[in-house]
Amino acid sequence: GLLARLMPLGEVKARAMFGGHGIYLDGQIFGIAAGERIFFKIDDTTRPRYEAKGMAVFRPYDDHVTLASYFEVPPDVFEDADVVRAWAAEAHKVALKAARSRAARGRSAKKR
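Residue numbers for the sequence shown follow this note's numbering, so the first one is 1 and each next one is one higher.
Quick caveat, the hints were computed from the structure, so don't treat them as lab data. Just so you know, these numbers come straight off a predicted model, no measurement behind them. One or more hints might be untrue.
Stated by the list, open to error - Here are the computed distance ranges between Cβ atoms for each label pair:
| hint | residue 1 | residue 2 | range |
| --- | --- | --- | --- |
| 1 | T45 | L2 | 31 to 41 Å |
| 2 | G54 | G106 | 31 to 41 Å |
| 3 | D44 | A89 | 10 to 20 Å |
| 4 | M17 | P75 | 29 to 39 Å |
| 5 | G54 | A103 | 17 to 27 Å |
Claimed, not checked - As a list, the in silico EDC-like pairs of lysine to aspartate or glutamate whose alpha-carbon atoms are at most 20 Å apart:
| hint | residue 1 | residue 2 |
| --- | --- | --- |
| 6 | K97 | D43 |
| 7 | K13 | D82 |
| 8 | K53 | E36 |
Every residue, glycine too, gets a C-beta built ideally from N, C-alpha and C.
Whenever a hint applies, use it, and build me the whole structure from the sequences.
Right, here's the structure in full:
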C-alpha cells in the first residue's frame, strides 16, 4: 500500500480524521486518504502542478466545505514508487514550512 511505499522517507503513519485518514511523515501531517483518493498538502508553488493535471481540492463533507491546501494526487503518480515518494516528500516539505509559519505567527501574537 501507500504507507509501505513511503517508508523510505521516514516514519509514516495514518490516523483517522474527516471520515478518512491523515497521512503523517515523522509526526507531520502532509496528506489525507479519503476513500480511494489521496490528497497531498500544497502551496502556491506546488498548486499549478496539481491544477495542470485537472486535480481537485479536498472536500471532506460537501461541496461547500474545502481544505484548499490539499489537492488530490493524480492517479498516474502512483504508478511509480519513486514518483509517489517525490510527490510525498514535496508535500511534506510544504507541510513543514506551513507549520513553521504558523508557529512563528503564534509567537509574534503572544509578544503583543
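Taking each numbered hint in turn, which are not upheld by the structure, reported in ascending numerical order?
Hints 1, 4 and 5 are the ones this structure does not satisfy, whereas the remaining hints hold.
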